[in-house]
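Using the sequences and the hints, build the whole thing.
Each chain, letter by letter, is given below.
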Amino acid sequence: MADETPDLLRMGLGQGRPEAFAALFDQHARSMLALARAISGSPTDAEDALQQTFLELFRSRNALARAADLEAYALQAVRRCAWRLGSRRKECALPPEAWEMAAPEERPAAEASAELERALAALSSEQREVLSLKFDAGLSFARIGSLLGIPPNTAASRYRYALQHLSRALGGSR
Amino acid sequence: MNDQAESELERRLGARPTPAVSDALRARILSHLARERRRESLAWASTLLGVCAAGWILSLPVLRSASPPPLAQPVEAWMASASLELDHDALRFSQTLLAQARVPRIAPPLRSEPRSSFPSEPR
Chain A
1 MADETPDLLR MGLGQGRPEA FAALFDQHAR SMLALARAIS GSPTDAEDAL
51 QQTFLELFRS RNALARAADL EAYALQAVRR CAWRLGSRRK ECALPPEAWE
101 MAAPEERPAA EASAELERAL AALSSEQREV LSLKFDAGLS FARIGSLLGI
151 PPNTAASRYR YALQHLSRAL GGSR
Chain B
1001 MNDQAESELE RRLGARPTPA VSDALRARIL SHLARERRRE SLAWASTLLG
1051 VCAAGWILSL PVLRSASPPP LAQPVEAWMA SASLELDHDA LRFSQTLLAQ
1101 ARVPRIAPPL RSEPRSSFPS EPR
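Protein chains in written order, with this note's numbering: chain A, 1 to 174; chain B, 1001 to 1123.
Hints are computed from structural coordinates only; laboratory data are not their basis.
Possibly wrong hints are sitting among the right ones.
To be verified - Derived, one-sided and incomplete: chain A residues facing chain B with beta-carbon distance under 8 Å:
1. 25
2. 29
3. 43
4. 47
5. 50
6. 58
7. 116
8. 131
9. 136
10. 167
To be verified - Counterexamples of contact, computed for chain A against chain B with all Cβ distances above 10 Å:
11. 8
12. 66
13. 69
14. 70
15. 72
16. 73
17. 83
18. 125
19. 143
20. 153
What the hints assert, rightly or not - Okay, the calculated bits of chain B under chain A, using three or more residues with CB under 8 Å as the criterion:
21. 1008 to 1019
22. 1030 to 1044
Note that CB positions come from ideal geometry on N, CA and C, so glycine has one too.
Okay, structure coming up:
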């Protein structure tokens, strides 16, 4: 069903057909999960947000089937859900220390990766959100702006601030 | 922050793996949706059943007024509606018997009693 035309997919979604929701999941769950994780900072909370989002999408499937841009609609839904969950659980879990689990010969790369993750975790949720939409979902600033309800220039400057913060946190050398 | 540092940082961010969606998570979410679908179907069925039951209950007084039960009517009217004819000869005969027996007219018992409890002979 993943190669179904968008019209058929929309029809299936509107009817609540399981295979249509499976196709939607296969197409967008990865970037949705990344966005939820960027907002909540916790893998567990991100998974909960993704599950809750799909349940809400199923319940409001008529609106989903009529959405002009399914990807933007799904990302917006998971964003709302992750913010809602995040406001309930304020604590932000840091990602696991990847370098501790890596083999000795992979440690430099793993350590650099863990350093980047720590720097990302230190950013604000709004900045992580923009970075996730840019890198995980591959959206343009115009689409990020419309999804977040902000002008594209604001999205771009938020992205630039995030990069500056990251650069400072990483010592500006990398 | 110079352009080179920025592009290097962008390269690192772009190379960062997107968190994978495990098969277990996919199965969990899709089965959750299937349960929700069944729950919705069940809710629809019970709503339909409730509407039917409410309609039937509401229609009861209408049915009752349209054809009241026979015992609530006078016997003659009921007999007429049921196309039964009164056997006047039998009625006269029984009235004569009653008069001869001087049986006081009392209200009939609520429950029918066995025939043997009636006096077999006039006093």
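Status of each hint after checking the structure:
Restraint check, residue 25 of chain A versus chain B: the minimum CB separation of about 6 Å is within 8 Å; hint holds. With a cut of 8 Å, the hint placing residue 29 of chain A at the interface with chain B holds, because the nearest CB-to-CB distance is about 5 Å. The restraint placing residue 43 of chain A at the interface with chain B holds, with a minimum CB-CB distance near 7 Å, inside the 8 Å limit. At its closest, the beta carbon of residue 47 of chain A sits 6 Å from a beta carbon of chain B; the interface hint therefore holds under the 8 Å criterion.
Look at residue 50 of chain A: its Cβ gets to within about 7 Å of chain B, closer than 8 Å, so that hint holds up. Contact between residue 58 of chain A and chain B, as hinted, is supported at the beta carbon level, the nearest pair being about 5 Å apart and thus within 8 Å. Because the beta carbon of residue 116 of chain A sits about 6 Å from the nearest beta carbon in chain B, less than 8 Å, this interface hint is met. Using the Cβ-Cβ criterion of 8 Å, the hint placing residue 131 of chain A at the interface with chain B is satisfied: the shortest such distance is roughly 7 Å.
For the restraint placing residue 136 of chain A at the interface with chain B, the shortest Cβ-Cβ distance is roughly 5 Å, inside the 8 Å limit, so the hint holds. For residue 167 of chain A, the interface hint holds, the least distance from its beta-carbon to any beta-carbon of chain B being 5 Å, beneath 8 Å. In this structure residue 8 of chain A is separated from chain B by more than 10 Å, as the shortest Cβ-Cβ distance comes to about 18 Å. Distance check for residue 66 of chain A against chain B: the nearest CB is about 19 Å away, which clears 10 Å, and the non-interface claim stands.
Distance check on residue 69 of chain A: its Cβ is at least 20 Å (rounded) from any Cβ of chain B, clearing the 10 Å threshold; non-interface status holds. With a least CB separation of 16 Å from chain B, residue 70 of chain A remains clear of the 10 Å interface cut-off, as annotated. At roughly 18 Å from the closest C-beta of chain B, the C-beta of residue 72 of chain A stays outside 10 Å, upholding its exclusion from the interface. Listed as outside the interface, residue 73 of chain A is consistent with that label: its C-beta sits roughly 17 Å from the nearest C-beta of chain B, beyond the 10 Å cut-off.
With a minimum CB-CB distance of about 18 Å to chain B, residue 83 of chain A clears the 10 Å threshold, and the non-interface call stands. Against chain B, the non-interface label of residue 125 of chain A holds: every CB pair exceeds 10 Å, the least being about 16 Å. The Cβ of residue 143 of chain A sits about 17 Å from the closest Cβ of chain B, beyond the 10 Å cut-off, so the non-interface label holds. With a cut of 10 Å on Cβ distances, residue 153 of chain A stays outside the contact zone with chain B, its closest approach being about 17 Å.
For the stretch 1008 to 1019 of chain B, the proposed coverage by chain A is satisfied: 9 residues have a C-beta within less than 8 Å of a C-beta in that chain, meeting the threshold of three. Only when three residues or more bring their CB closer than 8 Å to a CB of chain A does the claim for the stretch 1030 to 1044 of chain B stand; here the count is 7, and the claim holds.
The structure is consistent with each of the numbered hints, conforming to all of them.
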